[in-house]
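Q: What follows is the residue order along each chain.
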Amino acid sequence: MAKKIASDIRFLYGGYDPGTSTVRASVTLEVETLDPTAVTDAAERALAGNRKDIVEWAGLFDDAPGDMDAAQAALLTTGTAVLSMLIGTAVGDRAYSGTAYLLAAKAPAKLGDLMRQEVTFKPDQAMGRGLLLGHRTVKPSGTSDVATGTIDDGTLSIAGGVVYVHILGVGGSAIQPLAEHSATGTTWTPVAGVSVNVIGSQKISITGTVQRYVRVELGGAGTGTATSVFVRG
Amino acid sequence: MAKYKVSGNSVVKIDDALGTLRDLSAYVDTISALGKEVQELDVTSFADTAERVIAGIETAQEFTISGHFDDTGTTGPDAVLAPRVGTLGTWEWYPIGTTSGRRKFSGESLCKSYKIGGEVKGRVQYECVMKQDGTVVVGTA
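Protein chains in written order, with our numbering: chain A, 1 to 233; chain B, 234 to 374.
In case anyone wonders, no lab produced these hints; they're calculated from the structure.
Check each hint, because a few of them may be wrong.
[Claimed, not checked] In silico DSBU-like cross-links for lysine-lysine, where the CA-CA straight-line distance does not exceed 35 Å:
id, chain 1, residue 1, chain 2, residue 2
1, B, Lys354, A, Lys110
2, B, Lys269, A, Lys203
3, A, Lys106, B, Lys348
4, B, Lys348, A, Lys122
5, B, Lys236, A, Lys106
6, A, Lys122, B, Lys238
7, B, Lys354, A, Lys122
8, A, Lys203, B, Lys337
9, B, Lys337, A, Lys3
10, B, Lys236, B, Lys348
11, B, Lys236, A, Lys52
12, B, Lys238, B, Lys269
13, B, Lys354, A, Lys3
14, A, Lys3, B, Lys236
Quick caveat: nothing in here was measured; it's all calculated off a predicted structure.
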């Protein structure tokens with residue numbers, strides 16, 4: 001376990017990765033505050049209302065196809081996409097994921113400076129606290145596993161979970177992310193999956209019991225690339 | 234009586250989501266002014282030549298703790314504070330340490346928000362805002 005520096009942050013929205021443009025990024029988990037103070041109270045009271053999380057991104061303006069300006073042109077107000085802020089790039093590193101609207105994109109300019117961009121996202125419901133998954137790659141040609149990518153949460157849970165998948169590249173035919181779990185780390189049970197051949201994002205929902213160990217098998221004959229985060233319910 | 238530096242002395246403890254009090258001092262570098270505060274009620278009348286006040290009920294102050302992000306499980310700031318958003322829990326603040334007899338503030342608070350972020354060339358950091366619920370106890374360690 002470790003402290004992290006800014007270069008450990010990776011910000012993904014849908015199939016967009018503005019890594020080389022990101023200057024500042026943050027996720028805020030927040031609730032509304034309600035005041036239930038009555039005349040009989042000797043001090044003000046506080047109660048939690050609804051969650052009202054917010055995610056902000058600021059960076060350098062870049063017109064590359066996979067960068068933030070392309071994301072805002074394609075997705076601003078059109079609907080939600082998966083949003084993840086990773087704090088580290090190793091399997092098991094902390095990540096915050098959810099689905100969010102891209103609400104605002106602005107480009108401030110200042111003489112003598114680089115062109116910049118500021119983007120605000122609004123999560124649809126709450127952002128989830130999760131872990132970065134790796135991908136176990138199994139190809140129909142029989143190539144053996146090249147990565148395990150298992151995360152270990154220490155114990156099972158009973159409130160389900162979500163695997164958030166960012167498909168960052170496609171090639172040939174579809175890739176098939178398949179979520180699997182295990183009580184032992186050696187015998188695996190497939191849970192749910194998708195088949196994808198376009199850049200974008202997917203949510204794989206898991207209901208009920210989720211075992212201690214979780215991983216994603218990246219099947220299919222395509223050569224696409226993806227990044228996945230698992231959030232327990 | 235003496236003056237005290239913060240480093241090596243100040244202690245802050247916050248309940249985790251399961252109600253276990255966790256010492257976060259190793260992960261905090263800033264805590265906003267935190268103590269006890271009452272509301273001020275104006276009772277000035279025509280007969281007064283200066284403003285008059287009486288104390289009202291205690292104010293539900295907000296306080297912020299912040300520091301470097303750390304993903305240590307169970308006892309680290311991310312493990313303790315992120316799951317606390319939207320819940321009530323106990324806090325204890327020892328401005329000059331936990332030596333017996335030194336000042337201690339404590340109470341219950343609602344975790345309003347937990348923010349994680351970073352800026353280029355800097356560290357990843359967290360900031361947690363708490364809102365007091367009910368009275369603050371001014372006591373000693």
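Q: Quick one: which hint numbers does this structure break? Sort them smallest to largest.
A: 2, 5, 6, 8 and 11
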